[in-house]
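A.B. asks: Below, each chain spelled out in residue letters.
Protein chains: 2
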Amino acid sequence: MRTSLECLPCFVRQAVGSARLVTEDEGTILRMMQTIFRELSTANLSMTPPEIAQKLHAIIRKELNHRDPFQAIKRMSTQRALELAPEAEAAIRTSPNPFASAVAFAIAGNILDFGMKSEWNEEIISKSFAEAVEKGSCFDEEKVDRLYNEIDRAKRVLVLGDNTGEAVFDRLLIEHFPRKTGIFYAAKSAPVINDVTAEEAVDSGIDKVAAIIPNGAAIPGTVLSKCSSEFIEIFNTAEVVISKGQGNFETLNEEQRKIWFLFQVKCPVIAKYYRFGLGDWLLLEKEQGRLACS
Amino acid sequence: MRTSLECLPCFVRQAVGSARLVTEDEGTILRMMQTIFRELSTANLSMTPPEIAQKLHAIIRKELNHRDPFQAIKRMSTQRALELAPEAEAAIRTSPNPFASAVAFAIAGNILDFGMKSEWNEEIISKSFAEAVEKGSCFDEEKVDRLYNEIDRAKRVLVLGDNTGEAVFDRLLIEHFPRKTGIFYAAKSAPVINDVTAEEAVDSGIDKVAAIIPNGAAIPGTVLSKCSSEFIEIFNTAEVVISKGQGNFETLNEEQRKIWFLFQVKCPVIAKYYRFGLGDWLLLEKEQGRLACS
Numbered sequence: 023m024r025t026s027l028e029c030l031p032c033f034v035r036q037a038v039g040s041a042r043l044v045t046e047d048e049g050t051i052l053r054m055m056q057t058i059f060r061e062l063s064t065a066n067l068s069m070t071p072p073e074i075a076q077k078l079h080a081i082i083r084k085e086l087n088h089r090d091p092f093q094a095i096k097r098m099s100t101q102r103a104l105e106l107a108p109e110a111e112a113a114i115r116t117s118p119n120p121f122a123s124a125v126a127f128a129i130a131g132n133i134l135d136f137g138m139k140s141e142w143n144e145e146i147i148s149k150s151f152a153e154a155v156e157k158g159s160c161f162d163e164e165k166v167d168r169l170y171n172e173i174d175r176a177k178r179v180l181v182l183g184d185n186t187g188e189a190v191f192d193r194l195l196i197e198h199f200p201r202k203t204g205i206f207y208a209a210k211s212a213p214v215i216n217d218v219t220a221e222e223a224v225d226s227g228i229d230k231v232a233a234i235i236p237n238g239a240a241i242p243g244t245v246l247s248k249c250s251s252e253f254i255e256i257f258n259t260a261e262v263v264i265s266k267g268q269g270n271f272e273t274l275n276e277e278q279r280k281i282w283f284l285f286q287v288k289c290p291v292i293a294k295y296y297r298f299g300l301g302d303w304l305l306l307e308k309e310q311g312r313l314a315c316s
Numbered sequence: 023m024r025t026s027l028e029c030l031p032c033f034v035r036q037a038v039g040s041a042r043l044v045t046e047d048e049g050t051i052l053r054m055m056q057t058i059f060r061e062l063s064t065a066n067l068s069m070t071p072p073e074i075a076q077k078l079h080a081i082i083r084k085e086l087n088h089r090d091p092f093q094a095i096k097r098m099s100t101q102r103a104l105e106l107a108p109e110a111e112a113a114i115r116t117s118p119n120p121f122a123s124a125v126a127f128a129i130a131g132n133i134l135d136f137g138m139k140s141e142w143n144e145e146i147i148s149k150s151f152a153e154a155v156e157k158g159s160c161f162d163e164e165k166v167d168r169l170y171n172e173i174d175r176a177k178r179v180l181v182l183g184d185n186t187g188e189a190v191f192d193r194l195l196i197e198h199f200p201r202k203t204g205i206f207y208a209a210k211s212a213p214v215i216n217d218v219t220a221e222e223a224v225d226s227g228i229d230k231v232a233a234i235i236p237n238g239a240a241i242p243g244t245v246l247s248k249c250s251s252e253f254i255e256i257f258n259t260a261e262v263v264i265s266k267g268q269g270n271f272e273t274l275n276e277e278q279r280k281i282w283f284l285f286q287v288k289c290p291v292i293a294k295y296y297r298f299g300l301g302d303w304l305l306l307e308k309e310q311g312r313l314a315c316s
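In order, the protein sequence lines correspond to chains V and G.
Position in the first sequence (first residue = 1) + 22 = the working numbering.
Position in the second sequence (first residue = 1) + 22 = the working numbering.
Keep in mind that a hint or two might mislead.
Note that the list lumps identical chains together, so a pair holds whenever it fits in one copy or between two copies.
Unchecked claim - Mimicking DSBU-like on lysine-lysine, the simulated pairs with C-alpha atoms at most 35 Å apart in a straight line are:
#: 1; residue 1: K177; residue 2: K248
#: 2; residue 1: K202; residue 2: K294
#: 3; residue 1: K288; residue 2: K149
#: 4; residue 1: K248; residue 2: K288
#: 5; residue 1: K177; residue 2: K288
Since the hints were derived computationally from the structure, they do not count as laboratory data.
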């Protein structure tokens with residue numbers, strides 16, 4: 023999807039918030055913002071929002087002289103997710119439909135997103151997980167079964183990771199896949215916002231259940247033209263692609279292949295454009311070349 | 023007060039929202055935003071937020087080739103305020119403390135602010151007025167009496183207008199002043215956001231209760247160095263100055279004279295900095311040279 027004019031204030035808010043994570047020096051942040059504004063003054067809105075975000079976060083890292091401003095928040099996310107995992111595992115185990123419940127927790131985990139908000143909000147996170155138990159039985163059962171059966175029949179399944187911490191719940195989902203081999207988990211090749219990199223995927227235990235593959239880019243989404251040929255090969259040959267999060271949706275929703283999108287709708291622009299409800303939990307089955315809304 | 027880094031996303035949001043009021047042409051808005059970003063790339067944060075807003079809104083008007091993008095919303099505000107006025111008048115009349123109730127309605131009217139949000143929200147507006155009845159009895163009675171007595175003793179009282187529509191409730195407040203002469207009402211000298219100009223003050227009936235004086239500037243606040251000498255003379259000689267709205271607070275809160283500030287706290291930056299609650303209704307008695315919080 024192309025970038026909306028309404029994304030512009032969000033980029034600016036995100037830039038200030040990211041800088042606040044690592045410095046209190048107003049002069050440094052102002053100088054960084056001046057560069058951000060110069061970049062935005064030539065922004066091309068036919069790019070996807072994650073592509074513009076990539077450019078801005080590259081400026082943020084450079085101007086702050088910090089390779090990973092979200093490092094602390096990412097560590098906290100993984101730690102908190104690992105704490106929440108046993109409870110989620112118990113809920114999945116005792117659910118009448120464990121796979122559907124695992125899907126719900128994988129979507130619950132998508133709340134660990136610090137692109138939209140830069141601060142930690144324990145209340146929102148706890149609420150998301152409390153909801154997962156209930157939502158597990160809310161999805162269209164036939165759709166959940168379809169995903170399950172597709173995974174069962176596939177030789178290769180590719181999961182596109184989104185946020186750090188969320189990856190812990192992606193691991194729980196993968197543990198409930200009907201197959202144990204040929205599972206790939208894509209991570210970002212370098213830090214960008216709080217997106218999961220290979221290192222953080224390992225911290226979440228993903229290496230125990232899937233082959234972790236860096237996608238070759240540091241964009242908070244999946245822009246195929248910027249990904250490595252190794253990643254593209256898996257993307258093209260995997261029978262099932264499960265895409266986590268909004269950033270991957272924004273960059274892959276127009277791709278000519280079937281993709282399962284799992285995410286919480288956190289952005290009013292996306293909600294309006296695709297007629298989702300803000301806050302909706304989506305298990306979205308996009309068929310080849312068209313967008314089928316749940 | 024100086025501009026905060028957190029004001030930057032708000033300026034950008036305000037610019038996009040203002041443009042949306044008068045055009046659907048994305049190309050026009052994008053070109054305008056590019057100029058806005060160039061301006062922001064050299065922004066001086068030691069200026070107050072309304073001074074920066076003034077520069078940006080001048081760009082908005084020029085790039086959209088529209089002298090007053092908020093014209094329709096201002097008309098709607100005055101019309102709606104005039105509809106609500108009889109109910110407010112009845113509530114004030116039957117209140118145990120009519121002056122306090124008139125103060126509350128003058129603060130309720132401050133919700134007609136389209137700097138923070140560009141769309142009309144009837145629900146928020148109705149809620150603000152429903153609250154006014156209750157809030158009239160919530161202010162510190164001694165403080166309300168002090169304001170009343172100061173007006174009674176003053177030879178000149180100056181009310182600094184803020185938003186269009188809100189002026190209708192400023193008129194109700196002035197009608198409950200203990201004195202009927204020497205009342206001045208400052209308006210902006212040209213359109214900026216939805217701020218009240220002399221023309222709209224007349225539409226609100228202010229001319230029946232006060233001498234309307236344009237302040238000489240088109241800044242969404244009161245920057246004395248940019249005001250006319252006629253205005254400054256009244257500002258300096260009035261024994262009582264009642265300042266409506268956040269914009270006037272942001273530009274006058276450090277002035278070396280006593281000022282009564284009446285507004286709803288709509289901005290998280292102001293709330294945080296001055297330890298107000300977001301959404302608070304303030305009858306703030308700033309003594310000479312210091313800020314006394316209510």
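A.B. asks: Are the hints correct? Go through all of them and say.
C.D. replies: Hint by hint, here is what the structure shows:
1. Taking CA atoms no more than 35 Å apart as the test, K177 paired with K248 passes inside one copy only; the shortest distance there is 25 Å, against 72 Å between copies.
2. With identical chains, the CA atoms of K202 and K294 are never at most 35 Å apart, being 38 Å at best within one copy and 52 Å at best between copies.
3. With identical chains, the CA atoms of K288 and K149 are at most 35 Å apart both within one copy (14 Å) and between copies (27 Å).
4. In the homo-oligomer, the alpha carbons of K248 and K288 lie at most 35 Å apart inside one protomer (25 Å), although the nearest pairing across protomers, at 42 Å, exceeds that limit.
5. In this assembly of identical chains, the alpha carbons of K177 and K288 lie at most 35 Å apart only when taken from the same copy (33 Å versus 55 Å across copies).
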